[in-house]
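Take these sequences, add in the hints, and give me the full structure.
Top to bottom, those sequences are chains A and B. One point on numbering: in my numbering, the residue at position 1 of the first sequence is 1, and numbering is uninterrupted. In my numbering, each number is its position in the second sequence, counted from 1, plus 574.
The set of hints was computed from the structure by calculation and includes no laboratory data. All C-beta atoms in this analysis are idealised placements derived from N, C-alpha and C, irrespective of residue type, glycine included. It is possible that some hints are incorrect.
[Stated by the list, open to error] Covered by chain B, according to a simulated footprint, are these stretches of chain A (three or more residues, beta-carbon under 8 Å):
hint : segment
1    : 1-11
2    : 34-43
3    : 64-78
4    : 123-133
5    : 137-148
6    : 394-408
2 protein chains.
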Amino acid sequence: MLRMSSLFLRTLRDDPSDATVASHKLLVRAGYVRPIAAGIFSWLPLGVIALRNVERVIREEMDRAGFQEVHFPALLPKDPYEKTNRWEEYGPALFRLQDRKGSDYLLGPTHEEMFTLMVKGEYSSYKDLPLTIYQIQTKYRDEARPRSGIIRGREFVMKDSYSFDLDDAGLETSYLKHRDAYISTFNRLGMKFNIVSAMSGAMGGSKSEEFLAPCSTGEDTYVLCPKCGYAANVEAMITKVETRDFGNPAAMEILDTPNTPTIESLVEVMNSKYNAGITAADTLKNVLLMADGKPISVLVPGDREVDLKRVEANLAGVKELRLFEDEDFAKRPELVKGYVGPQDAKKFGLKLYADPRIQVGSHWITGANQKNKHMRYVTHGRDFEVDGFIEAAEVREGDSCPSCATPVVIDRAIEIGHIFQLGRKYAEALDLTVLDKEGKARVVTMGSYGIGVSRAVAAIAEQSHDEIGLIWPEEIAPAKVHIVATGKDDEPFAVAEKIALELERKGISVMFDDRRDSSPGVKFKDAELIGNPYIIIVGKGLQEGKVEFRVRKTGEKSELPIGEIVAHVMKITG
Amino acid sequence: MLRMSSLFLRTLRDDPSDATVASHKLLVRAGYVRPIAAGIFSWLPLGVIALRNVERVIREEMDRAGFQEVHFPALLPKDPYEKTNRWEEYGPALFRLQDRKGSDYLLGPTHEEMFTLMVKGEYSSYKDLPLTIYQIQTKYRDEARPRSGIIRGREFVMKDSYSFDLDDAGLETSYLKHRDAYISTFNRLGMKFNIVSAMSGAMGGSKSEEFLAPCSTGEDTYVLCPKCGYAANVEAMITKVETRDFGNPAAMEILDTPNTPTIESLVEVMNSKYNAGITAADTLKNVLLMADGKPISVLVPGDREVDLKRVEANLAGVKELRLFEDEDFAKRPELVKGYVGPQDAKKFGLKLYADPRIQVGSHWITGANQKNKHMRYVTHGRDFEVDGFIEAAEVREGDSCPSCATPVVIDRAIEIGHIFQLGRKYAEALDLTVLDKEGKARVVTMGSYGIGVSRAVAAIAEQSHDEIGLIWPEEIAPAKVHIVATGKDDEPFAVAEKIALELERKGISVMFDDRRDSSPGVKFKDAELIGNPYIIIVGKGLQEGKVEFRVRKTGEKSELPIGEIVAHVMKITG
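Below, the structure written as structure tokens:
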């Protein structure tokens, strides 16, 4: 039983000044976590219980699916990560350190390498497969901008699993098994979620889906088709373009467009000076980027912005991507800021990538590669060729669903899980093979599956709270029942204690506010802030032999005879 | 149920080449752990279960004592550790690193600072105390020589607790409460242990005891009085010297002792040339040390070695201690190697520390501070004064118990727990005060209490094994019952499965060797190596309706009717 008279807990009246999202504010105010450094938190007793509850649910669902738990260190030698190139690729997000002998180590951000090597060490035959192993473990990523409390921290708890199969069909089966286990897990955690197509990103591999918990303050943006159910992370959203016949445009024509370095100013001058009757959608935006130190130009319609995250996710093999800066323009005087056009790209040695909307045959008003000049009728396939199509433009609410062309909606969410057909990348790099039926060595194919465990605590809080506090699902709450005794007399405290003990005997966890020196108002506020699902108040009603029963989530209140309260709780908590 | 047909486990026939202690050999061979780097291990499924079992027992006993669980990060900012000076003091054993912004961090070796700050953040009144909070968490120490497998690793799991009290009496109560909780814990873990007096060492503070698990390969040496039960770590063993009257020795006399740089050669020359009739015990050994860069001389009787660990533990405030090396002698030509004596110490500016056996009034044969010369009748208090007495000489079996003078025995052990009256060191450094009844700020006094959780797994293995494998106590074993089905027919497997399911339904954990392609010999060997406490063999006996029941620890075997086996297991596991 958690007795508030001795519980190591002090709730706070004010939101922490640096908190922007509800879960961060409430988890600090209600005494679940405390900040230690940027993106690094400690857990107070209530937080430990909630975190362990999340861990327990995940572990039970993993075990039920037949996955086996192992455990790796967080402090890892460099060598395996060098073999897969991740020692470099991970960039500044990897915590690197040296031991007293000067050997290089890292703090594991994920453990693909270690799992691969572990299986390599134990198994050698196709008969040993399939295998799925997992761990619940502390991970480290030196985030550039740790934020939103424990949602994006630098030290965090993750459940990561890896599947090992002989062939692609096996991987598909292991993948679906994990997908099902995740659905059960997040359902038990009381979360609302969508499963969306995702990019495989830096991890390599092919098929990948994310479990997203919708939430207005989430960092992830995803599209959802209200008709067919298509769902994708914006990075993975596919642009579907209707093929059109653009006829035979006139030859390119140079135009005098003074002071038009922006699309807006260009449209105004075009319409006022040339009476062109155009909109931004008729102009071509040339966005110059540095991709691993080399300049590229990304073409999108003038009425769309480039979404750098989409470009990054879709531009295979690029490690560092950034916008052109003034000094890049200074080094390349042929690229005239505000007046760049694709027609001279070959001459300039500039790679071109086009959003799918820049169809072959389409013609555009675009920069003339001279200050204060533009050109029109610049035609794709005639006046310029691109090096590739790429998903580059921002996704907008109302864009066409790639599957059924219905206008999609856009929502924000927190990524709570990620499942992933890794394929053979890690097995190849670390030489994980097994002998097949014919005695031939075959490279194993892998899946990787993650759940943000500490993040889930915050995501649940984010989805389940109101303006006065947290509202935990039964499986996660520090206690199922919060009993408040009020008044100056001993009787309510004695009655409350009796109810508490009876509930605990029946296996119902209880938090008992047995503080004698706090007012009823303080106690009610704390109960609401802390967020246990059911509240029993033992106080004034005692005169009529009654206690009050409240459901935190609905605010529903009822009066019950003392003798019936335990049975009532048992019925409700099932 | 753990089914060996799919369990991620491969036992090994051979000991790992670098293993010197039984727990290391067996935990690797039986598939509990695997090495990743020096002092860094991963845990396979059986290891995870054993480790979690140890954690569970510890957590249950902590909770039962009313201690509350919190959780800290392992990645910690430098600042609090700088305030207590431990950032420097910890030396090369501290893993230090920087984040992407160049800020200094460390991987926590223990969390005194963080606990102190946590309590400071939440509590402010004497009414809030006493408080004891704990965590089970991964810790890091860059050991110079990681060894003995998981007994002395560089990443390891520890339970660390801290108590907070207003005054010394409160601390004593908290300390004893923890002591009791540790006794219950180690009893439940099935360990043999002694509670011995210990030095407080680098941690500061006063009273301190260690829980030592006796074990011939242990790193710790301790003394035990067979009569009165006095027990102490050798570092903390107190030398009791009977006061003697040494009379009035003759004046110091210089002797010609060619080629006598060692005690042995000195004794020989003294007896042959001067017919002195002496033993090594009549000579004085002057051991020169560098203590934080300053030379000191430690005096012990010639028949005893200096125990550097004892000197280090008893020389307050010294961070680095080492023996004089040739270059130190070269810089100090007045200190003649092999011929040093205390009589010129003041002249040489040399600090002197004497073992208690070098009583005031005692006289000695010692170096004359000239090559090939010694002196005799060099008398403590007349010819030299010491800067302090210090426990410096090695402890020997048969030395007198400081409490009852009985000859003590010496044994080796693994330190599995440490309890500690820290006092106000950390609270003062980090300004943890509470208001007392009179409204005056008072510095809180603290205790610190540790259990090596991962180490306990190894210590249990070390105490409980035989030449064929591990023998786990019931609380720790991966499964209580190990069922082996043998033969080519389906029947034994079907019967074994039925028994397994029935046991699991009754809450008895089972490991079921359901492998169809392994020989009975392999299965028996694996069962013995893995070390679950009870083994049921379903095989040949089936013809007579019987199964075999074995107790792993005693080797006791019995035949039982199939229908009685479950009841028998229930009775035995109680």
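So, going through the hints one by one against the coordinates:
For the segment 1-11 of chain A, the proposed coverage by chain B is satisfied: 5 residues have a C-beta within less than 8 Å of a C-beta in that chain, meeting the threshold of three. Only residues whose beta carbon comes within less than 8 Å of a beta carbon in chain B count, and the segment 34-43 of chain A has 7; three or more means the coverage holds. Interface restraint, the segment 64-78 of chain A with chain B: holds (11 residues with C-beta to C-beta distance below 8 Å; minimum three). Closer than 8 Å: that is the beta-carbon criterion, and the segment 123-133 of chain A has 3 residues meeting it against chain B, so the requirement of 3 holds.
Residues of the segment 137-148 of chain A lying with their CB closer than 8 Å to a CB of chain B number 4, which satisfies the three-residue condition for coverage. Residue count for the segment 394-408 of chain A with a Cβ under 8 Å from a Cβ of chain B: 0. That is fewer than the three needed, and the coverage hint is violated.
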